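K.L.:
The lines below spell out each chain.
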Amino acid sequence: MKAPQHTRILVVDDNDASRYGVVRHLQRVGYEVIEASTGDSAMRHIEQHPDLIVLDVQLPDANGLEISRAVRNNPITSTIPILQISATFTHTSDKVKGLDAGADSYLASPVEPDELLANVRMLLRLRNAQQALAESNSRLKSVLDNILDVYVAFDRRWNFQELNPMGQKIFGRSIEDLRGKNLWTEFPQARNWKYAAELEKAAQEGQPVHFEGESPLRPGLWWEGHAYPRADRIEIYMRDITERKRDEIKLAEATQALQRHIRELEAAQGDLSVAKNQLSMQNEALEARVHERTAKLEETIQDLETFSYSITHDMRAPLRAMQGFSKLLLDSYADKLDAEGADFLNRIANAANRLDLLIRDVLSYSNIVRAELKPGPVDLDALVRDVIRDYPDFQPPKAQIRILGPLPPVMGNEAFLTQCFSNLIGNAVKFVRSGVTPEVEVSHARHGDFVRVSIRDNGIGIPPAHQDGIFKLFHRAQSSYPGTGIGLAVVRKAAERMGGRVGLESDGDHGSTFWLEFRAA
Amino acid sequence: MRPNRPILVVENEDDDVLLLTRAFKLAGITNPVQVVNSGEDAIAYLGGEGRFADRRRYPVPALVLLDLKLRGLDGADVLKWIRRQPAYRTLPVIILSSSFLTPDVAEAYRSGANSYIVKVADPAEWVEIARDFARWWLNRNVDPP
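Read top to bottom, the protein sequences are chains A and B.
Going by numbering that gives the first Met the number 0, the residue at position 314 of the first sequence is 313; the numbering climbs one at a time, nothing skipped.
Going by numbering that gives the first Met the number 0, the residue at position 49 of the second sequence is 48; the numbering climbs one at a time, nothing skipped.
By construction, these hints were calculated from the structure, which means they are not laboratory data.
Bear in mind that the values here come from a model prediction, so they are computed numbers and not experimental data.
Take these hints with a grain of salt, some might be off.
To be verified - In silico DSSO-like links for lysine-lysine, alpha-carbon gap of 27 Å or less:
#1 Lys429(A) <-> Lys397(A)
#2 Lys373(A) <-> Lys79(B)
#3 Lys68(B) <-> Lys24(B)
#4 Lys471(A) <-> Lys429(A)
#5 Lys275(A) <-> Lys244(A)
#6 Lys68(B) <-> Lys373(A)
#7 Lys168(A) <-> Lys140(A)
#8 Lys335(A) <-> Lys79(B)
#9 Lys180(A) <-> Lys168(A)
To be verified - To give an idea of the chain A side of the interface with chain B (calculated C-beta under 7 Å), a few residues:
#10 Ala316
#11 Gly323
#12 Lys326
#13 Leu327
#14 Pro374
#15 Pro376
As the list claims (entries may be wrong) - Label-pair distances were calculated between CB atoms; the ranges are:
#16 Asp131(B) <-> Glu304(A): 31 to 37 Å
#17 Ser307(A) <-> Pro31(B): 36 to 42 Å
#18 Ala519(A) <-> Val59(B): 51 to 57 Å
#19 Val59(B) <-> Arg518(A): 50 to 56 Å
#20 Arg134(B) <-> Leu296(A): 49 to 55 Å
#21 Pro31(B) <-> Asp380(A): 47 to 53 Å
#22 Ser114(B) <-> Asp330(A): 37 to 43 Å
#23 Asn138(B) <-> Asp302(A): 43 to 49 Å
#24 Gly447(A) <-> Arg134(B): 50 to 56 Å
#25 Ser114(B) <-> Leu403(A): 49 to 55 Å
#26 Asp302(A) <-> Asp131(B): 22 to 28 Å
#27 Glu495(A) <-> Glu127(B): 53 to 59 Å
#28 Asp337(A) <-> Pro31(B): 39 to 45 Å
No residue lacks a Cβ here, since even glycine has one placed at the ideal position from N, Cα and C.
Please take these sequences and the hints and turn them into a complete structure.
P.N.:
Shown next, in the form of structure tokens:
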């Protein structure tokens, strides 16, 4: 409510005294007052929109009742409250006439100041409430006019009452055209709408309804709506959800496509799983075959080794016979043989000797390959000194052998180690230029966990071209020196089986250094 | 050992038998020598089976010279059999083998051999071996009771 100070009240009375009284009462509490003493000037002031009119019924140039009517009939002024005062027309029937003509309140003059002010306040309150309502309505209308939703109101018989601009656009007709007309008659296609029956039911039962579907008026458009039955009308708000529907359809399609893909993927995974299983089964089968073949192969190798071992061994008896009896012939029948005959027999004996040496080497090699190892700590110093002591060819003056010891103990097998060192020292002593006394130096060094024993000789050396293949079976670098070519292969095999290594250094001219490496004990 | 105590030779190579018996002769060994050519025959001889039951013709030996590589049952098996017989637990058995390989030597000793000799090809060396054999085993060595 406006403060009294900002409220303008028009007082219309040709009687100065009574007008003055009213004016003073009003001014005293702060109202702004405009006076008029004729109907004519009253009408002019009314055009200025006072907040309230205090109006005397009897005026010189007009009837107060007619002024009331005029105020009421003019839409611009129709909301201005009118308080009618009369000194003369005080009967009830006069009051009735006055109120009917448009007065909002009727008082008899002279008025009690309190009663006057109370009425003024009451009328102003009413007016403010009306204004607030009007403002509210206008805001509401503005909202309804501007929203993109359709707002349509029907009475209980489905006659159009309200239709906002969006609704007019959708229905295709103006509210002025449609107001009062029946929905089902104006739009027969709406009867087929699936929600029509629900709406009817909702209207009868007074329950709100929510609906969603394709518009019967505009196929292709989708609407979502709420219908609110009220006491005397049904209000419906509708929203265009075509795009949302399209998006929903797209989403559903995309989801379906995705699900299809997922199913395809799962099928593919299933296939992959099956393939993996098959692969793993095939692998197992393959591995089983490999195991079987390997076992067969190992069996065959065993058989071959056993066979070659026993056959080689069996060869030695006939050889012994050849060697022995040719020697007996030479010894016992020397007088019956000429030089040539003796020579032939010698050749037979020598050939048999050579074959026997070869067989012995092959048997040695075979033994190294097959024999059970049982490695343990070995006193290498004692072993090497024993080897040197056991072979007359290793003693002075046949050879000079020096040991830079003591040689440390190593992990290995005594028999194998004896073979290695006797072979290598034997080679060192054998392969010297004629007339040269073999000089051999045995030294040792530590390489981490391993002990390396080096055997250096002053022999003929080994040309670099031969060094790669020298440890191979049957390789012979020097055919002018006796030997089967197996010795070094035996050394390498024995070293490897003991977890060690053998190697050589030689420039081809100034002797060689063979080395053996074993784990320190 | 008294000169009449028999020696059993188990050897399947005729050539080796020839060289051995020649060497024995040249070394002056006069003990009777019985030769069998297989492990089965060796066991039959020692057990007095079949034709070997006639102990006058086939007397129980005082010493056995045993080759390892025989046809059929090999020397190591014969040796093991010998040592299982209560009567022959202490019978001197000398292995006479062409094998110089450690595993064969070790196996022979483990099975109860008293000595191990590697066969040679040179007939003269055979004679030397025979002489050494006579000196040590026939003359010096004290027989098991």
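K.L.:
Compare the structure with each hint and give your call.
P.N.:
The hints, checked one at a time:
no., hint, in the structure
1, Lys429(A) <-> Lys397(A), "10 Å, holds"
2, Lys373(A) <-> Lys79(B), "24 Å, holds"
3, Lys68(B) <-> Lys24(B), "25 Å, holds"
4, Lys471(A) <-> Lys429(A), "19 Å, holds"
5, Lys275(A) <-> Lys244(A), "45 Å, violated"
6, Lys68(B) <-> Lys373(A), "25 Å, holds"
7, Lys168(A) <-> Lys140(A), "16 Å, holds"
8, Lys335(A) <-> Lys79(B), "48 Å, violated"
9, Lys180(A) <-> Lys168(A), "17 Å, holds"
10, Ala316, "5 Å, holds"
11, Gly323, "5 Å, holds"
12, Lys326, "5 Å, holds"
13, Leu327, "5 Å, holds"
14, Pro374, "15 Å, violated"
15, Pro376, "19 Å, violated"
16, Asp131(B) <-> Glu304(A): 31 to 37 Å, "35 Å, holds"
17, Ser307(A) <-> Pro31(B): 36 to 42 Å, "40 Å, holds"
18, Ala519(A) <-> Val59(B): 51 to 57 Å, "55 Å, holds"
19, Val59(B) <-> Arg518(A): 50 to 56 Å, "53 Å, holds"
20, Arg134(B) <-> Leu296(A): 49 to 55 Å, "53 Å, holds"
21, Pro31(B) <-> Asp380(A): 47 to 53 Å, "50 Å, holds"
22, Ser114(B) <-> Asp330(A): 37 to 43 Å, "28 Å, violated"
23, Asn138(B) <-> Asp302(A): 43 to 49 Å, "47 Å, holds"
24, Gly447(A) <-> Arg134(B): 50 to 56 Å, "54 Å, holds"
25, Ser114(B) <-> Leu403(A): 49 to 55 Å, "39 Å, violated"
26, Asp302(A) <-> Asp131(B): 22 to 28 Å, "40 Å, violated"
27, Glu495(A) <-> Glu127(B): 53 to 59 Å, "39 Å, violated"
28, Asp337(A) <-> Pro31(B): 39 to 45 Å, "41 Å, holds"
Hints 5, 8, 14, 15, 22, 25, 26 and 27 from the list above are not met by this structure, while the remaining hints are.
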